[in-house]
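Residue numbers (the working numbering): 1 to 167.
Hints listed in this document are in silico derivations from the structure and should not be mistaken for laboratory results. Take the hints with a grain of salt, since some may be wrong.
Claimed, not checked - Label pairs and their in silico Cβ distance ranges: (1) A70 x L112: 17 to 23 Å; (2) L112 x T39: 32 to 38 Å; (3) Q117 x K23: 27 to 33 Å.
Computed from a predicted model, the values in this text were never measured in an experiment. Where a beta carbon is used, it is the ideal one built from N, C-alpha and C, also for glycine.
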Amino acid sequence: MAALPGGHPPGRFPRVRDSTRCKSTVQQFDGAVALLTVTGEIDFSTAPDLRDRALEVSRQGSRHLILDLAPVGFCGSSGLNALIGILRCTKETGGSLVLAAVPDRLIRLLDLTGVSQLMPAHADAAVVMSAHCATHGPAAGSSSGRHLRAAADPEGVPDVPEACGVL
1 MAALPGGHPP GRFPRVRDST RCKSTVQQFD GAVALLTVTG EIDFSTAPDL RDRALEVSRQ
61 GSRHLILDLA PVGFCGSSGL NALIGILRCT KETGGSLVLA AVPDRLIRLL DLTGVSQLMP
121 AHADAAVVMS AHCATHGPAA GSSSGRHLRA AADPEGVPDV PEACGVL
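Kindly generate the complete structure, drawing on both the sequences and the hints.
Below, the structure written as C-alpha cells:
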C-alpha cells in the first residue's frame, strides 16, 4: 500500500489536537471541589485535552469534579469516552464526577448509552454545589460560590489515562 503524504499509511493518521475548539475554565472551591466550565466541542481531537485537564485538577487535590457543560456545542463518542475516563479516575481516588447544565443532545447520548446511570446530572452548577454541601457538609461546598477561585492552567500535563488504568 502506498503511503499518504507525511509518510502515514492509509487509514492511519496521527492525532492532531485542536484545543482551540474546546476550552475549560477551572474554579476551585475549598480545595476538595473544582468546577470546570467546558466550552466548545468535545470530539476526537479535543477530548484527550479535556480528560488530561480534569485529571490534573483532580491530582492537585480537587477529588470532586463538577463539569459545567452548558456551553458545549457538540460531544461525540470520544467526548463520552473522556467523561467515562474522568469518572473512573476520580472514583479510584475516592472522588466523584457530577455533570451540570448538560445540553439536551448530550443528555440523550448519556441516556442511550446508559452512562446517565453512572454520572449524576443537575440543572446547573449551583444545584450541584448545594447537593455536594448537603452530602459532604458545609466545609466541602457552598451554593453561594463565594469561595470559588480561578485555578492556574496546568502546564506540561502528563498522559494521565495510563496512570489511572483508563483506556
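Cross-check of the supplied hints:
1. Checked against the given bound of 17 to 23 Å, the beta carbons of A70 and L112, roughly 21 Å apart, stay inside it.
2. Range check, L112 to T39: about 24 Å between beta-carbon atoms, so the 32 to 38 Å window is missed.
3. At roughly 29 Å, the beta carbons of Q117 and K23 sit within the given window of 27 to 33 Å.
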